[in-house]
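> Sequence:
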Amino acid sequence: MHDRDLPGGVNMKFMIVGSGGREHAIAETATRSGYEVYTASDARNPGLLAMSKELHVVDILDGAAVAKVAHKVRPDVIFIGSEESLFAGVSDTLRKEGFNVIGASQKTAEIEKSKGFMRKLMEKYGMHGRLRFKTFSNINEAIRYIDEYPGSVAIKPTRQAGGKGVKVIADIQTYLKEEKSHAKKRHVSDIVEQKLSKDLEDPILIEERVEGVEYTLQCFTDGTHIVPLKMVQDHPHAFVEDIGPETGGMGSIAGTGNVLPFLTKRDYDTSFDIVKKVVQAIKKETGEPYFGVLSGQFMLTEKWGPTVIEFYSRLGDPETVNVMPQLQNFDEIVNGMMNGNIANVDAKFEEKANVVKVVAPKGYPNERGMGKGHKVAIDFDKVAQSGSHIYFGSMYEENGTYYTGGSRALEVYASADTVEEASQKVEQAISHIKSDWKLFHRKDIGTKALMQKRHDQADLARDIFRYREARGLIGKTIDWIPGIGKIET
Numbered sequence: 006m007h008d009r010d011l012p013g014g015v016n017m018k019f020m021i022v023g024s025g026g027r028e029h030a031i032a033e034t035a036t037r038s039g040y041e042v043y044t045a046s047d048a049r050n051p052g053l054l055a056m057s058k059e060l061h062v063v064d065i066l067d068g069a070a071v072a073k074v075a076h077k078v079r080p081d082v083i084f085i086g087s088e089e090s091l092f093a094g095v096s097d098t099l100r101k102e103g104f105n106v107i108g109a110s111q112k113t114a115e116i117e118k119s120k121g122f123m124r125k126l127m128e129k130y131g132m133h134g135r136l137r138f139k140t141f142s143n144i145n146e147a148i149r150y151i152d153e154y155p156g157s158v159a160i161k162p163t164r165q166a167g168g169k170g171v172k173v174i175a176d177i178q179t180y181l182k183e184e185k186s187h188a189k190k191r192h193v194s195d196i197v198e199q200k201l202s203k204d205l206e207d208p209i210l211i212e213e214r215v216e217g218v219e220y221t222l223q224c225f226t227d228g229t230h231i232v233p234l235k236m237v238q239d240h241p242h243a244f245v246e247d248i249g250p251e252t253g254g255m256g257s258i259a260g261t262g263n264v265l266p267f268l269t270k271r272d273y274d275t276s277f278d279i280v281k282k283v284v285q286a287i288k289k290e291t292g293e294p295y296f297g298v299l300s301g302q303f304m305l306t307e308k309w310g311p312t313v314i315e316f317y318s319r320l321g322d323p324e325t326v327n328v329m330p331q332l333q334n335f336d337e338i339v340n341g342m343m344n345g346n347i348a349n350v351d352a353k354f355e356e357k358a359n360v361v362k363v364v365a366p367k368g369y370p371n372e373r374g375m376g377k378g379h380k381v382a383i384d385f386d387k388v389a390q391s392g393s394h395i396y397f398g399s400m401y402e403e404n405g406t407y408y409t410g411g412s413r414a415l416e417v418y419a420s421a422d423t424v425e426e427a428s429q430k431v432e433q434a435i436s437h438i439k440s441d442w443k444l445f446h447r448k449d450i451g452t453k454a455l456m457q458k459r460h461d462q463a464d465l466a467r468d469i470f471r472y473r474e475a476r477g478l479i480g481k482t483i484d485w486i487p488g489i490g491k492i493e494t
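Numbering (our numbering), first residue to last: 6 to 494.
Simulated DEER-style distance windows between Cβ atoms:
#1 Glu59 <-> Gln285: 35 to 41 Å
#2 Arg79 <-> Arg149: 54 to 60 Å
#3 Glu356 <-> Arg149: 51 to 57 Å
#4 Lys129 <-> Asp468: 29 to 35 Å
#5 Thr406 <-> Ala70: 27 to 33 Å
#6 Arg37 <-> Glu403: 27 to 33 Å
#7 Glu59 <-> Gly374: 26 to 32 Å
Dumping the calculated EDC-like pairs for lysine to aspartate or glutamate here, alpha-carbon to alpha-carbon at most 16 Å:
#8 Lys481 <-> Glu212
#9 Lys357 <-> Glu426
#10 Lys367 <-> Asp441
#11 Lys289 <-> Glu128
#12 Lys367 <-> Glu251
#13 Lys439 <-> Asp386
#14 Lys112 <-> Asp97
#15 Lys125 <-> Glu212
#16 Lys139 <-> Glu315
#17 Lys380 <-> Glu402
#18 Lys443 <-> Glu372
#19 Lys18 <-> Glu59
#20 Lys73 <-> Glu59
#21 Lys139 <-> Asp152
#22 Lys481 <-> Glu128
#23 Lys377 <-> Asp441
#24 Lys125 <-> Glu290
#25 Lys282 <-> Glu315
#26 Lys282 <-> Glu293
#27 Lys481 <-> Glu307
#28 Lys448 <-> Glu426
#29 Lys377 <-> Glu402
#30 Lys458 <-> Glu219
#31 Lys139 <-> Glu213
#32 Lys448 <-> Asp247
#33 Lys58 <-> Glu33
#34 Lys453 <-> Glu432
#35 Lys73 <-> Asp47
Source of the hints: derived by calculation from the structure; they are not laboratory data.
Glycine included, C-beta positions come from ideal geometry on N, C-alpha and C.
Hey, can you work out the whole structure from these sequences and the hints?
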């Protein structure tokens, strides 16, 4: 892995594995850093086509096929963006073929692939930010557990499924108890029927429901040393006011510094400490160092403060688009990873806030076939005049015309002195994107009203957490059982 010194970005061949807006942003940053970009992709993403000297269409889940491309390209570094490629062991195959790879091994990528593995790891090592949970292979056992569980729950496929299959049900209104019980049981059956966790032994995960403000901390690591990036907040719900089905992410924001405007340095430090402990635990559990990108998806809750929702074994999407355009020393991080001296590297960012909003076709996320094959026209000059930039997601081009691919089509980025100003720039840019089909996006991301809501949510969670902390109640759950009274777990 560290068999040769890498001199820097200039004239180095940098190969990307992946096909979305995340990879487009990585390719642009690599080009800006002086690398010559090549791509192995399962789609002809227009942004990647523009940034790449060569784009090879290949099955990115087939390690041998990707290795064949790599032998043609002879890259100095291969960066794997796609989580499914990591789950399929593509990084392992490439390393065995002698290539320098930034990407988790198949074993260590289990931290994302299986939420059950992640929850059990955190439980075993007694980590801060863990939640009560249980995994199931049997539908009837899962339904019986739901009937007996005293509180609100989140029901998820154990496997990473791009935001699909997550349902959070709060037991607040007593008069809806039967309806909610039926909804929970129906959703458990749906997870199994839709085969969202088909390659895992226990496909169903039921965990306690928590409330608060979500955020992401993305990090590069060689398994020992870790380079954290600036915090980002994703917006997973499809529609304004955080309603609608969960998606892969409808947009994201970042502040001027490393900490989000509604979070504190302590929140950042605690989150980073959790990531460090997870990296150490993965090595103990798998026997392999975690080498690549590890991203923690957190929520600031009253129970723990920073609380783990899930981990990604790669950069987030759209969160990558918040960090890559502002990252000033990508080449230092890459070279530090490959030369074994990442301990001496700190990520450096332009001190501007930024906003990313995803534009998606009607049909996303639940009926993606409906949103496929529709024309999209972009006035790039007007977009540039707004101070914004476009990254291509699920799009393709034929005879000079862009078409939707059915999933998240475009990610529109802008930076400014404040999040609110960046949001306004993005709105202006999106007004210059037209289609013969209904396109939608979340207009509220980065607005003053939503930012105030985030501040209020974070302040409330933090105040209650500090109250609990002062009384030795961090991480404890207090339930009321009829006939027994209050119990702590």
